[in-house]
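Sequence order for the protein chains is X and Y. The opening residue of the first sequence carries number 1 in my numbering; numbering runs sequentially from there. The opening residue of the second sequence carries number 1001 in my numbering; numbering runs sequentially from there.
Bear in mind the hints are in silico, worked out from the structure with no lab data behind them. Check before you lean on any hint, since a few could be wrong.
Calculated cross-link-like contacts (lysine to aspartate or glutamate; reagent style DMTMM-like; alpha-carbon spacing at most 25 Å) [stated by the list, open to error]: (1) Lys1127(Y) <-> Glu7(X); (2) Lys16(X) <-> Glu44(X); (3) Lys1123(Y) <-> Asp61(X); (4) Lys10(X) <-> Glu1304(Y); (5) Lys54(X) <-> Asp1295(Y); (6) Lys1143(Y) <-> Asp61(X).
Simulated coverage check for chain Y against chain X, where a stretch passes if three residues somewhere in it have a Cβ under 8 Å from a Cβ of chain X [stated by the list, open to error]: (7) 1073-1079; (8) 1087-1093; (9) 1300-1306.
Every residue gets a Cβ at the ideal spot worked out from N, C-alpha and C, and that includes glycine.
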Amino acid sequence: MSWLAKEQDKLRTAWKALQAQWKASCALWNDPVQRDFQEGYWSEYEQIIPQAQKALASLSDTIATARRTVR
Amino acid sequence: MTGAHVERLATLHDLKVALGVFGGRVQEVLQAVEIEIKQAVEWLQGRIRYWQHEVEIRKIEVRKAEAALASCRRGAALNSGNKRSRENPCLGQEMALAQARARLAEAELQLANARTCLGEVQKAAAKYRVHARKVTALVTSRKEKAQAVLVAARTQLERYLGTNAVSGTGSAVVAGLVGRMEQGTVDLSGPTEWGKFAHSAYEEKVEAAFPGQAQSEVRVRVRLPDGTEKEGRIDSLVGTTVVDYKTHDLSKLNEDGRLERTLDAICTQVQGYCASPDLAPGASAIIVFESPPRDPACRSFIEERLRSRGIGVVWGS
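Can you build the whole structure from these sequences, using the hints too?
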């Protein structure tokens, strides 16, 4: 596993852990404040983190290709 | 308004901690990726310099091979005279030139590939950095604000759910249910947010006090004086007692008849709930005023006004 792939894995693991915590919290926290929090903050996480993961994956692939093909 | 169901305050703390942990991990990842980008770019730039140098060296080798072949051919022409030979006297030089040209072509190919890869890496890095900047903002300033909201929500819920006593039955129950109201200094200071939050907390408390008997945000049909119907939502319904929460600051209304008009409107609303065809006949109503007016005369006026309409009053703090 390349170094960048390890970083991708770290981010994926951290994001899964945060999502799990959010899901667990939602099971216990269900009121207007929670919904405001979801709209005001959590939705940003759900939008930004996957996009960053995708961009990181693309970068990782590009660097790996360069490392493999350039002599 | 919907019922609040924070069954475990610790979950807000857990979520706040999780946001912090995630932020820390993300910062580590972002830093590591930047290092990897820098190293990859430097390595590719190094390869480009190497292949540029190789191209120059191999061009020289090609020129030397071309010169050697030309020299060989001139010598062969001079030495051959009229003799005809099937042998190619310059075969070695021709092969050397072909080899040198192949080596040059290989170096040029590698140089072009390294340049292309550098461009692609830089392009991918630029695209990644756009997202990385958003992530950085998310896990720094935005995270701190999100954590502040969670702390505020937890503080408020602790005050409501953890300290208010519950006792008694019927109308008197609600006074005991609601307990004392203490306003905090958190982000829920806006009247709309505070109103929603206070309703949720009261509803939560009533549900906890009357398990299986209390319902929150009960949708009912309301009959209007003109005979038409519209949908209404009762904050809390305990048996046949309608409980309505008001977070208005009544002190501000105590002038120019505004208080009377407001009270009349509130009474009409609550009585509409009691007369709903969806409730059992004989439903009663109680209004919990979160912010009682400071003036005792004003409080008496409100109590009397509502009592005359068959509605009980419970004051907050």
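Status of each hint after checking the structure:
1. Lys1127(Y) <-> Glu7(X): 17 Å, holds
2. Lys16(X) <-> Glu44(X): Since the Cα atoms of Lys16(X) and Glu44(X) sit roughly 15 Å apart, the hinted pair holds (cutoff 25 Å).
3. Lys1123(Y) <-> Asp61(X): At roughly 13 Å apart (the allowed maximum being 25 Å), Asp61(X) and Lys1123(Y) satisfy the hint.
4. Lys10(X) <-> Glu1304(Y): 65 Å, violated
5. Lys54(X) <-> Asp1295(Y): Violated, at about 62 Å.
6. Lys1143(Y) <-> Asp61(X): 30 Å, violated
7. 1073-1079: violated (count 0)
8. 1087-1093: violated (count 0)
9. 1300-1306: violated (count 0)
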